[in-house]
Structures are given as C-alpha cells and as structure tokens.
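Student: Residue strings, one per chain:
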Amino acid sequence: MANAPTLLSSCAAAASAKEAAFRITAAPPPPRAARVVALDSGAAAAVREIATQPWRGAQFLSCRTARGNGRADTDADPVLVTADGREARLSDTLGDADFVMMVATSGAGAAVASAIGAACTVRGITTAGLIVGADGSAEAAVTALRPHARVLLVSHDASDVAELLNAVGA
Amino acid sequence: MLKQETNELLTSTGPGTPMGQLFRRYWLPALLAEELPEDGSPPVRVKLLSERLIAFRDSEGRYGLIDEFCAHRGVSLWFGNNEVGGIRCAYHGWKYDVTGQCLEVPSEPENSAFCSKVKLTGYPLVKLGDILWTYMGDPAEQPPPPEYEFAQVPADQTYTSKRWQESNWLQALEGGIDSSHVSWLHSAGLRNDPLFKGSKGNEYNLNDMRPYFEVVETDGGLFVGVRRNAENGNYYWRITPWVMPSFTMVPPRGDHPVHGHLWVPIDDENCWVFTFDYQPVRALTDAEVQAMKDGHGVHNQYVPGTYRPLQNKDNDYLMDRAAQRRGETFSGVTGIAMQDASLQESMGPIVDRSKERLVSADSGIIKARRKLIGAALALRDEGVPPPGVDPAHHRVRSVSIVLPPDSSFAESCRDALTATPGVAHVSV
Chain A
1 MANAPTLLSS CAAAASAKEA AFRITAAPPP PRAARVVALD SGAAAAVREI
51 ATQPWRGAQF LSCRTARGNG RADTDADPVL VTADGREARL SDTLGDADFV
101 MMVATSGAGA AVASAIGAAC TVRGITTAGL IVGADGSAEA AVTALRPHAR
151 VLLVSHDASD VAELLNAVGA
Chain B
1001 MLKQETNELL TSTGPGTPMG QLFRRYWLPA LLAEELPEDG SPPVRVKLLS
1051 ERLIAFRDSE GRYGLIDEFC AHRGVSLWFG NNEVGGIRCA YHGWKYDVTG
1101 QCLEVPSEPE NSAFCSKVKL TGYPLVKLGD ILWTYMGDPA EQPPPPEYEF
1151 AQVPADQTYT SKRWQESNWL QALEGGIDSS HVSWLHSAGL RNDPLFKGSK
1201 GNEYNLNDMR PYFEVVETDG GLFVGVRRNA ENGNYYWRIT PWVMPSFTMV
1251 PPRGDHPVHG HLWVPIDDEN CWVFTFDYQP VRALTDAEVQ AMKDGHGVHN
1301 QYVPGTYRPL QNKDNDYLMD RAAQRRGETF SGVTGIAMQD ASLQESMGPI
1351 VDRSKERLVS ADSGIIKARR KLIGAALALR DEGVPPPGVD PAHHRVRSVS
1401 IVLPPDSSFA ESCRDALTAT PGVAHVSV
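Quick mapping for you: the protein sequence lines, in order, are chains A and B. Residue numbers for the first sequence, in our numbering: 1 to 170. Residue numbers for the second sequence, in our numbering: 1001 to 1428.
Pulled out of the complex, with its shape left as it was, chain B reads as follows (with noise of 0.2 Å):
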C-alpha cells in the first residue's frame, strides 16, 4: 500500500509535478507517424503530460508539435490551415512555423516586427520508426534519441498501434510488470491468439500456475524473470525488462514477433499505449502484420477512425459470458490488449493504493515505484538525471529460455537481455 501523498506523487504528470519533471527528462511517444501521413497532412490534436498540443507537418516535411492554442485570443489551431511554411489560425491568421515561432500576424503592418516577439512553446518531434517522439523538457537537458529496437530495425521488421486507455499512466505500466497475472488473464490467449500459439513456452506457462519471480535492479530499470518448472529439473524462463519510466517488453514465444509497450500519460486519467511488434533478424509475415491489424496479440480493434479500441467502457468491453463459461476467455473479454485494459479502467481513473493489499509476488511492482519515486524526487531536489535517459540503457531484449535450476537468468543471459543488431531473440 502506499500513502495518499505518495500515490498522488507517482501519478500526477502535469507540468511542475516531480513526476511530470521526470517524464520531461525523456523523449515519449508523441503520435504514430502514420497520424501525419504527408507535407502539410492536416494537424492533429496531441494531449501529453496534461498539456494541450497541435502536432503538425508542414509543406517542407518538417514536423513540430507547439501549444495548441493561439497567443492571440487563446483560439484551438486544430481548426488552422496547414500552409506553406507553417499554421494558420482559423480566426485571425495568425501563422506559427513547427517550432511555435509566430511568422505573421495579418492585422500588423506588413513590416511590423511584432510576429517575432509571439511565439507559442514548441518541442521537437523527430521520426524514429513508425512513432513521431518528443521531448518537452529543459532544451539543455535533452539527451540522444532513443534507441529502443524496435524503433530501430528495418521498416518491414517492425509495426507499432497505440490505443487510448482510460485509466492513468502507473495502473497501465505496472500491468506490463506484474507477470503473474499472465497465467490467469490470458491464459486462452496461450491456446488460440494467433500471434502467441503453438509455442513450448505457452505450454510451461500453462503446466505451473505458481512461478517464482526474480527481480534484478539494473542501471536503466528493472528486469522482472519468472520462473517455472520444465523438464529434468530445469526452470522455463520468462524475463520482462523495465526501462524507466514506462517502457517494458513482453518475453517471447517461439518464433512470434516479440512486443511491448510504452505507457504515456495524456493526463492523470488517460494514457496512451503505444504497442510494437518486431523481428529483430527477419521482415514480418503478411499474415503476423494482418494479425497485428486486425487486433490480435497485444494490438486491438478500434471504434473506426479512432484510436480508441472498439471494446471500451461504453459497451462493457463486449463481454461475453458464454466464451467465458465455454473457457475461451478467463475474464470474458477477448483479446490480450483489452484483457488487461478492462480490468486495469475498472480500477477506476486514478486507482487509490492506500487501499491495495500487496503481496510477495507483487516485488516488480514495489520496486518499480520505488525506483520512480527516488528518481523523481532525486531529480526534484538535486538535480540527478534519472535512470533510462541514457540511450544505452534502451538495447535491452525481453527473453524466454529454458535454464539449469542453479543458473541465473542475469548472469546467464547477459547478452540476450542485450539487443545487438542482427542477432535472433532468445525465444522458447
């Protein structure tokens, strides 16, 4: 359990917060890029951190992500025209280049060097992958893009969704830490998701429903390792790194893709989930792209021309009581993504942890907030960069492998919890 104080502390983003300073220490998913497809795509409405922003790409293919709303009278941009060389508000026209510089203010004389003293915030918005990133914390502190994987390998090798969650930021991350409840919740995904099945793995998964867990601080986070038992004595291995402050990778099956997620508050409600797949040695299949689109393994469906996900609070996720009873689903809800997130919303916007009842197996999950408070708190008062800013701290690779009972998974897979380019994941 933790105190008011404390969980307030952890879940507030907002500009100013310890914890909204920490995030600000960090390039975060903004958007997907498909989001901006073209030079001069009509701008998109981004909410980060609590901030309200206007994410667009102009004529020369430059992209910025500024205030969403006008020096001028305060006016939303969404409504603007994406013109030659920047935004035009829809009011007065007032234009903003990408980095929020005001380039004309039509009601000044032509000459006027009025425009060049407005100018809205702006942060910068670079491609990596199929995410456009951002960073909008202190320019002087912005460290190197980032280097997850995932967003590096070749563009056939990977694919990344992101849906909207309506819960806050720590109740979704910590979901992607707590291994435990896999054996549970998704259990049918094990048997019938075409994107987790048919893997040795699934089977040690489903023979023992009482792992042992191992969690081990490194520099940029945590790795969480469960284990379970195998053959001749051997323990089945399942190995999640948590790269602070909200990225984590599920192990891998068999051959499937490997995936994971980045959890990015929009506010202190809302987060967005930003889920990839990829290959680290070979291109992905039609048939695990389609899979991937059409909402199986971590991804969703969608209500259409959004992002949010086509079973939402709304409609009772689809619950579906006979699939239920039939076994298809443990918690009636199909899906891995929305399995989770169901029952994550039901926690309520901001789940209070005065009142949670933790146990043993829930020592990734203490860590983790330990680690983000101390980091927070660290920055907060001295200034301490926190831990996961430092690009060499993203080259880490879930795992799954099979392992004498005397190994440890640290030591052991040292290099396979390391992503090196073109060198296969270490999969079961």
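In isolation and in its complexed conformation, chain A is listed as follows (with noise of 0.2 Å):
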C-alpha cells in the first residue's frame, strides 16, 4: 500500500517540542582528531593563542620559518614545529588526525599547503582552510589553500579558527 495509515505517535504531526525534548540520542561522538597548522607567521600568532584553550583532540602546528617553511617548501613531508616547540615531520603529526585546518593569512604556505593537501588526500582526512583578512591580501592565499581545502572560509576574525573547531567537536 502506497499511504498506509500512520498512528499519530508515528507521523510527522508527532514532531513537537514536548516530544523533541526526549529525543533518543546516542553517545556524545569521539572528539575530532584536529591538526590546525599556520601557514605563515600571521596565522601563527592567531594558532597560537587559540592553542591556549582546552581543546578535546586538536593540536596545533606551525611552519618553521615565517615564509611557509624556507627551503623545506619543496619538501613533500614538510618540518612542522608543535605548540611546545618541538619539530616533526607532518606524516608524524598525522597519526590518527580526521581532520586537517589550514590558517593562513597569505600565499606564503602554498608549498605547505600543496604538502598537507596531498598527505590528506592518501589517508583519507578532511581539509579546511581558514583565510583570515578579507581583502586584495587574502587573494594570494585563496589561490594557495583552493586545490587543498575542500573548505575554505575567508574571514574578517581570526577567532573563526576556535569557533570552526568547537563547531566540528575537536
């Protein structure tokens, strides 16, 4: 039968607020696997205040040198430098990440960028990039992050960096 008859618990007319309240819901999911990673001395600064905040799985990275990462640009397993600073390769950093956020505030990063895209694209982790500076500055970066980033934002407020992660649950 095409329309067979529905008891009112069991339509659509059963959606109510009183009921919605007692929605069966499962676990509260794992927290994301986070790697949020600056792609140059700018977006540094604003990783590294966000780092400060109690995070669940997310860690935080830069690149070694303010320009992306000097000479390691054309390196296809970049040096990253962690909050606490210490360097690691970013196949070491990716261990079990689901997620990868890309900050950057200009075209600096791009080797980096090409570097994480690629390592991301093998293993199965979702990107984003996150462009700080809405202006002509941020074009640069734009083209940098877009063949990487299945998301991009570009963004007045560093402080979108927080608000993406606390939104996907890292």
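Derived by calculation from the structure, the hints in this document are not laboratory data. Note that the structure is predicted; figures quoted are calculated from it, not measured. Wrong hints could be hidden among the right ones.
Pairs of lysine to aspartate or glutamate, DMTMM-like flavour, derived with a Cα cap of 20 Å [said to hold, decoys possible]:
#1 K1047(B) with E1147(B)
#2 K18(A) with E1269(B)
#3 K1355(B) with D157(A)
#4 K1003(B) with D1286(B)
#5 K18(A) with E1083(B)
#6 K1200(B) with D1255(B)
#7 K1313(B) with D1255(B)
#8 K1127(B) with D1097(B)
#9 K1197(B) with D1286(B)
#10 K1003(B) with D1415(B)
#11 K18(A) with D1352(B)
#12 K18(A) with E1356(B)
#13 K1127(B) with E1060(B)
#14 K1119(B) with D1130(B)
#15 K1047(B) with E1034(B)
#16 K1127(B) with E1108(B)
#17 K1197(B) with D1294(B)
#18 K1119(B) with E1051(B)
#19 K18(A) with D1267(B)
#20 K1119(B) with E1083(B)
#21 K18(A) with D1138(B)
#22 K1127(B) with D1255(B)
#23 K1127(B) with D1390(B)
#24 K1293(B) with E1034(B)
#25 K18(A) with D1314(B)
#26 K1127(B) with E1147(B)
#27 K1313(B) with E19(A)
Which chain A residues face chain B? A few, computed with CB under 7 Å, are given here [said to hold, decoys possible]:
#28 C11
#29 A12
#30 A20
#31 L153
Sample of chain A residues lacking proximity to chain B, with all beta carbon distances greater than 10 Å (derived) [what the hints assert, rightly or not]:
#32 A33
#33 Q53
#34 A88
#35 G124
#36 R150
#37 G169
Where a beta carbon is used, it is the ideal one built from N, C-alpha and C, also for glycine.
Take the two lone chains, each set in its own frame, and fit them into one complex as the hints suggest.
Tutor: Written as structure tokens, this is what we have:
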C-alpha cells in the first residue's frame, strides 16, 4: 500500500517541542582529531593564542619559518613545529587525525599547503582552510589553499578558527 | 554543536530577547500585498516575532499594522469593521487608525479627549514589490526601506509567494545557506521541475556529488560559493548570498528566473517563508508565472484558502514511496520547497543544536550563526547597528558561472554579485 495509515505517534505530526526534548540520542561522539596548521607568521600568532584554550582532540602546528617553511617548502613531508616548540614531520603529526585545518593570512604557505593536501588525500583526511583578512591580501592565500582544502572560509576574524573547531567537535 | 544557551539566544525572537531586538532593527516582510487587495479590505491577523498584530488597509489606502487586541477589554480587532478612516472593535465600538491611535470611544461624551490618550502599538507598513514590509523597532532607528532587487523590478518581472513553516526560523534559514544538500535532496528536481530543468549547470550539479565550498564574509553577511568540476579543468561555481538577518538567494539555472527567500519568525516555533522569483531584465512569461502558482520551483501548493502548504506534517507531506523508489524524488516528497520544509520540520520545532554533529562542509552555517550571535550581542551591549540594515547591503545577486581554477569567485564575480538595474544576471 502506497500510503499506509500511520499512528499519531509515528507520523510527522508527532514532531512537537515536548517530543523533541526526549528524542533518543546516541552517546556523544568522540572528539574530532584535528590538526591546525598555521601556514605563515600572521596565522601562527592567531593559532598560538587559540592553542591555549582547552581542546579535546586538537593539536596545533606551525611552519618552521615565517615564510612557509623556507627550503623545506619543496619537501613532500615538511617539518612542522608543535605548540610546545618541538619539530615533527607532517607525516608523524597526522597519525590518527581525521581533520586538518590550514590557517593562512597570505600565500606564503602554498608549498606546505600542497604537501598537506597530498598527505591528507592519501589518508582520507578532511581538509579545511581558514583565511584571515578579507581584502586583497587574502587572494594569494585563497589561490594557495583552494586546491587542497575541501572547505575555505575567508573571514575578517581570526577567532573563527576556534569557532570552526568548536563547531566540528575538536 | 552549540551550547543550549547559545541555541536559545539564536532561536528566541520575542520582545526583549537579543535576537528579537536584532530583528527589530530591520524592515521585515509582514504579509503579501494580495492579502489586503483593496481599500477597506478585511483586516488580517499577523503574528511576527511573537507579537500578535492586525494588518489593515483603510478607506484612504493607508496600510497599518497594529496590536491585535483592543485597549478596552482585550478583544481581537480581527472581528472589527474596517470603516472610513479606521477599524472599529466589534465589542464596544472603539475605533483605531492605521497608527494604532484611538479615534473614538463611543461610551465617552462626544467632546471627550479620552480617546486621544489611548494608543495601541503600531508599526509602519509599506508596499514594496508584492510584499507589505514592516519595521518593529525604535522609530528613531528606522532605516531606509529595503532595496532587494526582486522588490524593485517592475511588477511583471517578479512573483512572490509565502508559506507557513512549522519550525523555528533559524533551521529554515540554515537550509537556505546550506548548499551541500542540493545534490541529494533536490537532485530529481534538477531533472524535471519546469523552473529548473534544462540548464547546463544542472549537469555539473549532478555529475559532481562531492563539491568544494568557499565562504566569504561580506559587510552585510556572507557569500557561500560551491564549486564543482566543469570541462577543461575549470570550475562550475554556484554562489549564494546571505544578507543578515534572513535573506538568501538561490543561484540561478540557465535562463530560468532567479529565486530566493526571506525567513521571518512568526514565533519561536513557526516562521513565514517568503519566496520570490524574478528576472532582472525581462518580464516573467505566462508559463513561468503559472508554474510558480502551481507550486513548482521553490514555491508550493496550498491547503485551499490558506498559506499552509498542501503537503504538511498532518499528512506526512503526501509521502510517495513509489516515486522515491523510481528515483522521481530523493526523499519521497514532491517539490523543492516541501522537500526542505518536511525535513526541517522533522527536526522538531526548535532543533537542539547541542546534539548536532557538524562537519567542515557546514562552514557557511557555522559562520552565519557566529555573525548573528555577534551582531545580537554587539547591539545589546554596545548599541552597534547590525550588518544588513544598510540598503547597500541588499543589492546582491546569486550567480552561477564557470571560472578558471585559479580565479577567486569573490573577485571575478564582483560585478555579477551586485544587483545592477537593467543588467541581466549571470547564470549557467
């Protein structure tokens, strides 16, 4: 029968405020294993500040030099710097990651973005890019990140990094 | 996910709430002009932002939106008579003009000044396009009237409908910002809807189910760009503007009219969806208008005599499992508008955003919420006028276009994203 009669409790009309309050929910999902990589010095300053907040599964990284990664730019597995100042290869930082957010204020980190994009593609890790500065300076960053980020957000506000991480459960 | 208190802040629009105060800084669609078709038309009950109001058009053609209830004993003025110069309460004959000013209290002496001391809340009501717009905030802060292009073009180039949606306004708006559902929920509509089918853009849509997203902040809101692969390494872009608080446009398809929505809170568990279609440089054809009236495109059919959709939660949206199996619809519900509404209403009257699990593809929604919260708190705490009040922010368009891979849509489409009278919209 195409349209079988339904009970009041099992049809769309049952969607009420009272009912919604008692909807069955699964256990809270595990935190998103996020890596946040600052691709230039402007981004690094913003990421350092956000890294001081409490996070469940996020790790914060930056490039080794102010201009992307200096000579390491050509490296498919570049060296990154952790929030506590240690150096680590990109491949070592990805481990259990399921989400990588690249943060940029310019196009300086294009090579590292490319390396991250390639590494994440191989591993099936979702990528996102957040570009701070919605004027002309952002254009280079957009061009640099577009091929490697499934989502790009061009924002006036560096605190959007934290907002996005919170929203996706990092 | 959001904290409960943040969700409450975003979804509560009654008087005195931060989001309610935010909405009260904008001109809002109150009702369709067709609801008050002539001078002296019967009054219409209007509930907006949880306030119960009466809209009427007096004998002189003046529009008014005033408190629904008589100052005397609280009787609804909907039962009243729309007489010369005002509406008269059916209970004891108190009479009010379009500003809410009491004109007569029959029980008082003829020369009594008592009535001059009685005034109901009243809001301005002006006709722009097919809509009667109101401003419910502080008169001292009233902005210029809106300048959305669909309400500015000649009457034969535009068509507007409205429908009641049984959900909070925000989950309806978020559907307008969320472009990622189109390839799934509305996939069949791209093939067979008379107001969608036949465009080259549809092929790009249907051939690439894993689009990429770019969200660009603007002075008035956001541009949400979605790119899919096109020929020769180029990208097919669909760009959706959002103007705060609740205006969105759908990217166009071929030469079809371009459409969009305004999502207006009735109260915290219901909203009006005002839906427009227009052509910037030509009249709508008879066939296009008929298709809109028949509920195609982003419009819908109605329970006769009402603005309630014919497909609604009481009839399970006329779910058709056979059509779903045949691939004629993805969800079993017919029509773009009701495909959205049925799923959004299924989330409950006010969805609990503390339980959601967002992904990066939801960045447009995440950013929109952040802008709404920021604007509401800046207004409450510092009196900062919110984005989207300035009519310059209204002069936007949606765009669909094919661009080289290294082109920024925001830069390449700067002109195309701006509403310019006499210039056709950019569409693939």
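Student: Confirm or reject each hint.
Tutor: Each hint tested on the structure:
no., hint, in the structure
1, K1047(B) with E1147(B), "24 Å, violated"
2, K18(A) with E1269(B), "12 Å, holds"
3, K1355(B) with D157(A), "26 Å, violated"
4, K1003(B) with D1286(B), "49 Å, violated"
5, K18(A) with E1083(B), "43 Å, violated"
6, K1200(B) with D1255(B), "10 Å, holds"
7, K1313(B) with D1255(B), "34 Å, violated"
8, K1127(B) with D1097(B), "18 Å, holds"
9, K1197(B) with D1286(B), "17 Å, holds"
10, K1003(B) with D1415(B), "39 Å, violated"
11, K18(A) with D1352(B), "12 Å, holds"
12, K18(A) with E1356(B), "18 Å, holds"
13, K1127(B) with E1060(B), "15 Å, holds"
14, K1119(B) with D1130(B), "29 Å, violated"
15, K1047(B) with E1034(B), "17 Å, holds"
16, K1127(B) with E1108(B), "36 Å, violated"
17, K1197(B) with D1294(B), "16 Å, holds"
18, K1119(B) with E1051(B), "16 Å, holds"
19, K18(A) with D1267(B), "16 Å, holds"
20, K1119(B) with E1083(B), "18 Å, holds"
21, K18(A) with D1138(B), "35 Å, violated"
22, K1127(B) with D1255(B), "28 Å, violated"
23, K1127(B) with D1390(B), "19 Å, holds"
24, K1293(B) with E1034(B), "14 Å, holds"
25, K18(A) with D1314(B), "17 Å, holds"
26, K1127(B) with E1147(B), "12 Å, holds"
27, K1313(B) with E19(A), "14 Å, holds"
28, C11, "5 Å, holds"
29, A12, "4 Å, holds"
30, A20, "3 Å, holds"
31, L153, "5 Å, holds"
32, A33, "14 Å, holds"
33, Q53, "15 Å, holds"
34, A88, "23 Å, holds"
35, G124, "13 Å, holds"
36, R150, "5 Å, violated"
37, G169, "6 Å, violated"
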